[in-house]
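These protein sequence lines are chains B and S, in that order.
Residues 4 to 228 (my numbering) are what the first sequence spells out, left to right.
Residues 4 to 228 (my numbering) are what the second sequence spells out, left to right.
Keep in mind that a hint or two might mislead.
What the hints assert, rightly or not - Within a straight-line C-alpha distance of at most 30 angstroms, the following computed DSSO-like cross-link-like pairs (lysine-lysine) qualify:
no. : chain 1 : residue 1 : chain 2 : residue 2
1   : B       : Lys-25    : B       : Lys-7
2   : S       : Lys-25    : S       : Lys-7
3   : S       : Lys-155   : B       : Lys-25
4   : B       : Lys-155   : S       : Lys-25
As the list claims (entries may be wrong) - Reference listing, derived: stretches of chain S covered by chain B, where coverage requires no fewer than 3 residues with Cβ under 8 angstroms from a Cβ of chain B:
no. : segment
5   : 50 to 62
6   : 76 to 87
7   : 99 to 106
8   : 110 to 117
9   : 149 to 158
10  : 189 to 196
11  : 204 to 218
Quick caveat, the hints were computed from the structure, so don't treat them as lab data.
We put the beta carbon where it would ideally sit given N, CA and C, even for glycine.
2 protein chains.
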Amino acid sequence: MRDKIDGMPAALSPTPRSTIRKSARARSERAALYEVLDAALIAHLGVIVDGAPLVLPTTFGRIGDTVYVHGSTGALSLRAGTREPVCLTVTLLDGLVYARSVFHHSANYRSAVLHAQARLVTDPQEKLDSLQAVVEHLTPGSWAHARQPTAKELAATTVLAIDTAEASVKVRSGPPVDDQSDLDAATAWAGVLPLHQRWGPPQPCALLPEGSVVPAHVTERPSPG
Amino acid sequence: MRDKIDGMPAALSPTPRSTIRKSARARSERAALYEVLDAALIAHLGVIVDGAPLVLPTTFGRIGDTVYVHGSTGALSLRAGTREPVCLTVTLLDGLVYARSVFHHSANYRSAVLHAQARLVTDPQEKLDSLQAVVEHLTPGSWAHARQPTAKELAATTVLAIDTAEASVKVRSGPPVDDQSDLDAATAWAGVLPLHQRWGPPQPCALLPEGSVVPAHVTERPSPG
Numbered sequence: 004m005r006d007k008i009d010g011m012p013a014a015l016s017p018t019p020r021s022t023i024r025k026s027a028r029a030r031s032e033r034a035a036l037y038e039v040l041d042a043a044l045i046a047h048l049g050v051i052v053d054g055a056p057l058v059l060p061t062t063f064g065r066i067g068d069t070v071y072v073h074g075s076t077g078a079l080s081l082r083a084g085t086r087e088p089v090c091l092t093v094t095l096l097d098g099l100v101y102a103r104s105v106f107h108h109s110a111n112y113r114s115a116v117l118h119a120q121a122r123l124v125t126d127p128q129e130k131l132d133s134l135q136a137v138v139e140h141l142t143p144g145s146w147a148h149a150r151q152p153t154a155k156e157l158a159a160t161t162v163l164a165i166d167t168a169e170a171s172v173k174v175r176s177g178p179p180v181d182d183q184s185d186l187d188a189a190t191a192w193a194g195v196l197p198l199h200q201r202w203g204p205p206q207p208c209a210l211l212p213e214g215s216v217v218p219a220h221v222t223e224r225p226s227p228g
Numbered sequence: 004m005r006d007k008i009d010g011m012p013a014a015l016s017p018t019p020r021s022t023i024r025k026s027a028r029a030r031s032e033r034a035a036l037y038e039v040l041d042a043a044l045i046a047h048l049g050v051i052v053d054g055a056p057l058v059l060p061t062t063f064g065r066i067g068d069t070v071y072v073h074g075s076t077g078a079l080s081l082r083a084g085t086r087e088p089v090c091l092t093v094t095l096l097d098g099l100v101y102a103r104s105v106f107h108h109s110a111n112y113r114s115a116v117l118h119a120q121a122r123l124v125t126d127p128q129e130k131l132d133s134l135q136a137v138v139e140h141l142t143p144g145s146w147a148h149a150r151q152p153t154a155k156e157l158a159a160t161t162v163l164a165i166d167t168a169e170a171s172v173k174v175r176s177g178p179p180v181d182d183q184s185d186l187d188a189a190t191a192w193a194g195v196l197p198l199h200q201r202w203g204p205p206q207p208c209a210l211l212p213e214g215s216v217v218p219a220h221v222t223e224r225p226s227p228g
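Extracted from the complex, chain B is given alone in its bound form:
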C-alpha cells in the first residue's frame, strides 16, 4: 500500500465521529474512499440551519483530496454550509439481504461519510476547475461537448470545497449472517437480491435540429453499477 495518495495519508485516520462501530464493515484505506465517491452519481449534503439538520441531495465532483458541491448563490444549504460544519454522504445500494430471521435482514451497500468545515471557493481558476469536475462526474464528456459557462453564469454559482481528511467508509457485502438455530431450523429462504443501475435509451430533446446524432459520450456511457 502506498503511504500517500494525492498528498494525503493512504490510511484514513479515524476521529471519534468517523469511527465505525461495526468494525468488520469499516474500510480504512483512502483508495476505498475515492472508489466509493467516484462510483456515486449523487451525494447527500448535511448542514445545520437554525440549529436543525438539513439534508439535501446534490451532485458533486472530486479533484484529488477535495470534494466540490455547487449550486445557486441563493441556495440555503450552501450559505449555511460555509458557516457551520457539514457532512457529505454517498451511498451505493448493491442489494438486499434476505435472512432467515427478520432481525438479520440487511442491505449490501458501500457508503462514504465526510466531516468537514466547508470552504467557499473564490479563486476563479479553482472555481472553473471544480465546476468541470462536477459536470464531468455527473455527465462525463459534457464539459468539452456543451457550451462553457459565461462570467454571468459563474457569478450566479456558489461552489463549496469539502476536505476529505476526516472520512469514513463502510461496506457490507455477501450473504446473510444468520443465527445457528435459524440455520438448523431451515424454515426460511435466505440470500441476496442484487440491485443494479442501468441507463435507459437516451431521450433526445425535441428541440434538436432534425438528424441530430446522440454523441458517443452518451451512447457509450457505462452503467453505473
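Let chain B serve as the given structure and place chain S on it in line with the hints.
Only chain S this time, still in chain B's reference frame:
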C-alpha cells in the same frame, strides 16, 4: 383532492425551512410525499452530534403519517436523534439531463425532506408494528416468511418515529431547459439519459438445504423503478 390523508391535511403546509426556492419543482400534496417515500429503498437521516451534522443511510418504513427508522441501541445517530431535531431525506434519481450548456445540465429526480423532532418508540405494540413496516418496506413478504423477532432482539433494537407534518417534496422531470441563444446555435446534443434500478437474479445463501426454492416474494418482486 381529499382534505385529509391518514388524518393529516392533504396539502403540505410549508414552513420557512420546508419551502422550496424553485417553486416550479415543488409538490404540495401529501399524496406526493407518500409516493416518493414509498418508492425509495433507503433514506438519509441527518442528526446533530456535538454541534456538527451527521448524515447516515438507513432503511425505513411508513405507517400512515409516521416514518420509522431503526437500528442497534448503540447507534450514535439514533441516540443523537432523540435529543435534537432530525432531517430525513429520500432521493430517487430518475435520469441525467444533458443540456446545450454545462450551466443547464441537471438531474431528473424525486426527493422528499422531513423535518422533525424524533420520538423514541417505547410502546411494545408500536415497536413491533414499526419494525414490521421497516422490514416490509425493504423486503416485502419477509415479515411473514422469516422468523419473527425475539424479546432479546427487540430489546437490542431502537426505533425512532419521525413525523411527516413538516415536509417538502421536489420533483424535476422532462427535457433540458436551455437558453434561446444555445437553441439557436445548435452546437451541442441535448436530452435525458434515463436511469433505472433493476434486480439481478437472486443469489441463494450457500447454507440453504439442497433443493431450496426461491420464494415468490423474492422472484416476483417488481423492479424499484
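Subject >> Structure versus earlier hints - violations, ascending order >> reply: none
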